[in-house]
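Novice: First to last, the sequence lines map onto chains A and B. Heads up: the first sequence runs through residues 1 to 215, numbered per my numbering. Heads up: the second sequence runs through residues 1 to 98, numbered per my numbering.
No lab work stands behind these hints, which were simulated from the structure alone. Beta carbons are placed, not taken as given, at the ideal position from N, Cα and C, and that holds for glycine. Take these hints with a grain of salt, some might be off.
Said to hold, decoys possible - Only part of the chain A face toward chain B is listed, based on derived beta-carbon distances under 8 Å:
#1 5
#2 77
#3 78
#4 82
#5 93
#6 101
#7 104
#8 132
#9 175
#10 183
#11 187
#12 196
#13 211
Said to hold, decoys possible - Stretch by stretch, here's where chain B covers chain A in the computed footprint (C-beta under 8 Å, at least three residues):
#14 23-37
#15 164-173
#16 189-195
#17 198-208
One-letter residues, chain by chain:
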Amino acid sequence: MRTNAEWLRDLRASGPEQAAAIQDLRAYLRRAARYTLARRAGGSAGRGRADVDQLAEDCAQDALLAILLRLDDFRGDSRFTTWAYAFAVHGALVAARREAWKAVPLDPLLAAGGALAEAGVPEPPGLDPEGKARRAEAWTAIRDVLDHELTDRQRQALSALVFQEVPLDELARHWGSTRNALYKLVHDARKRLKARLEARGFPAAELLQLFSGQG
Amino acid sequence: MDPQRLARLVRQVSATEAEEISCAECFDLLAPCVEQEVAGAPPTERSRRLAQHVGQCAVCREEYEALRELLVAESPDDPAPPHRGPADRPPPPPRPPA
Chain A
1 MRTNAEWLRD LRASGPEQAA AIQDLRAYLR RAARYTLARR AGGSAGRGRA DVDQLAEDCA
61 QDALLAILLR LDDFRGDSRF TTWAYAFAVH GALVAARREA WKAVPLDPLL AAGGALAEAG
121 VPEPPGLDPE GKARRAEAWT AIRDVLDHEL TDRQRQALSA LVFQEVPLDE LARHWGSTRN
181 ALYKLVHDAR KRLKARLEAR GFPAAELLQL FSGQG
Chain B
1 MDPQRLARLV RQVSATEAEE ISCAECFDLL APCVEQEVAG APPTERSRRL AQHVGQCAVC
61 REEYEALREL LVAESPDDPA PPHRGPADRP PPPPRPPA
């Protein structure tokens, strides 16, 4: 087994040393991609074994290229193979999600989610009258903040990600954005929600207790 | 509204912090943090920040869980696959979803 230093040395070399290292690394990446795709049965639904193997091969190749471009980024705070696995896992899951969502038109989903907080929320059994009243007040506050204190983009993103369970990278791709930018958009929305609800007398701990039985 | 989805929103809002790492920063932390977790090392500030992010980000959480399972499934003395032998061993069977 190569040490981290040996992996870096061999991958940066030329000739047979580099070729052997690339071949070995590709085998690790193929294994990680296959494992990830097999684990995510939904992403591979309807695909035959040969197709999954080909997808794993493609993901491994993409991961290999990304790793070779980013060798200088490896900090040595893990095994090199674990760091490399992360690239293969990432690529396989991106591919699997794209496969699972490619036939799902997102615009109708985004349009349907525009009215984020319509209707009501079923009451859990056994709630006393005071609890019911407090929960109803909190629900009104949540609806009000969602409907009136977020930007349209924030509301759409929250609806898509939290309520419709659209994968973040798929939504980012649909909007021509990036994963990081979309995460920041949603983070800003969550911060605003949290602050506004607290300002209305609903701290996080109480909301957890009222709506998720925690806290 | 589906109560489970509302509960998810409430949990995520409640766990929101003023500063959160990005998906790119989370990716950079995956390898060292997952290795340390699998080895049973105590949590650190960076593992806490990673945990906070994957609690908010479903796609990063999926990658974190897959990498952790992959490392757990690997034998500690698993040798590097020979480049002249079989391409690699079949992957371990996937664990059933939680």
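Novice: Each hint: holds or not?
Specialist: Against the structure, the hints:
{"no.": "1", "hint": "5", "result": "15 Å, violated"}
{"no.": "2", "hint": "77", "result": "4 Å, holds"}
{"no.": "3", "hint": "78", "result": "4 Å, holds"}
{"no.": "4", "hint": "82", "result": "4 Å, holds"}
{"no.": "5", "hint": "93", "result": "6 Å, holds"}
{"no.": "6", "hint": "101", "result": "12 Å, violated"}
{"no.": "7", "hint": "104", "result": "16 Å, violated"}
{"no.": "8", "hint": "132", "result": "14 Å, violated"}
{"no.": "9", "hint": "175", "result": "15 Å, violated"}
{"no.": "10", "hint": "183", "result": "5 Å, holds"}
{"no.": "11", "hint": "187", "result": "5 Å, holds"}
{"no.": "12", "hint": "196", "result": "10 Å, violated"}
{"no.": "13", "hint": "211", "result": "4 Å, holds"}
{"no.": "14", "hint": "23-37", "result": "holds (count 10)"}
{"no.": "15", "hint": "164-173", "result": "holds (count 4)"}
{"no.": "16", "hint": "189-195", "result": "holds (count 4)"}
{"no.": "17", "hint": "198-208", "result": "holds (count 4)"}
In terms of the numbered hints stated before, the structure departs from hints 1, 6, 7, 8, 9, 12, listed from lowest to highest.
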